[in-house]
Amino acid sequence: MFRGRGYRWWFRATGLPGWMRFGYMGYPPFPPAWPPFHPGYYELPPEEELQMLEEEKQFLEQELDEINRRIEEIKREINRR
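In terms of the working numbering, the sequence shown has 43 at position 41, counting the first letter as 1, and numbering is strictly consecutive.
If you're looking for bench data, these hints aren't it; they were derived computationally from the structure. Don't be surprised by glycine CBs; every beta carbon is placed ideally from N, CA and C. Some clues are possibly wrong.
Dumping the calculated DMTMM-like pairs for lysine to aspartate or glutamate here, alpha-carbon to alpha-carbon at most 20 Å [unchecked claim]: (1) Lys77 <-> Glu65; (2) Lys77 <-> Asp67; (3) Lys59 <-> Glu49.
FRET-style restraints, in silico, Cβ to Cβ [to be verified]: (4) Arg78 <-> Leu52: 37 to 47 Å; (5) Arg83 <-> Gln53: 30 to 40 Å; (6) Ile80 <-> Tyr44: 26 to 36 Å; (7) Glu49 <-> Glu79: 27 to 37 Å; (8) Lys59 <-> Glu79: 44 to 54 Å; (9) Arg82 <-> Glu50: 46 to 56 Å; (10) Asn70 <-> Gly42: 53 to 63 Å.
Start from the sequences and build out the full structure, keeping to the hints where you can.
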């Protein structure tokens, strides 16, 4: 990060070499930002999965109806010209 003028003289300022200041064996002094593995996804019970899929189906049907309405509006505008 801040590697400006004073970076070279950190040993004289702290009395420690870089590997001792920032953790032994090259590891940083803080943990990684995310785990080394991805957490697994839990399985839904069949009843909940069915309910979720039916809700998604209903939402997508509503979206499709709105798209079809808009297409018809545009076609009417084109035919008026």
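Check each numbered hint against the structure and report the violated ones by number, ascending.
When the structure is compared with the hints, numbers 5, 6, 7, 8, 10 turn out to be violated.
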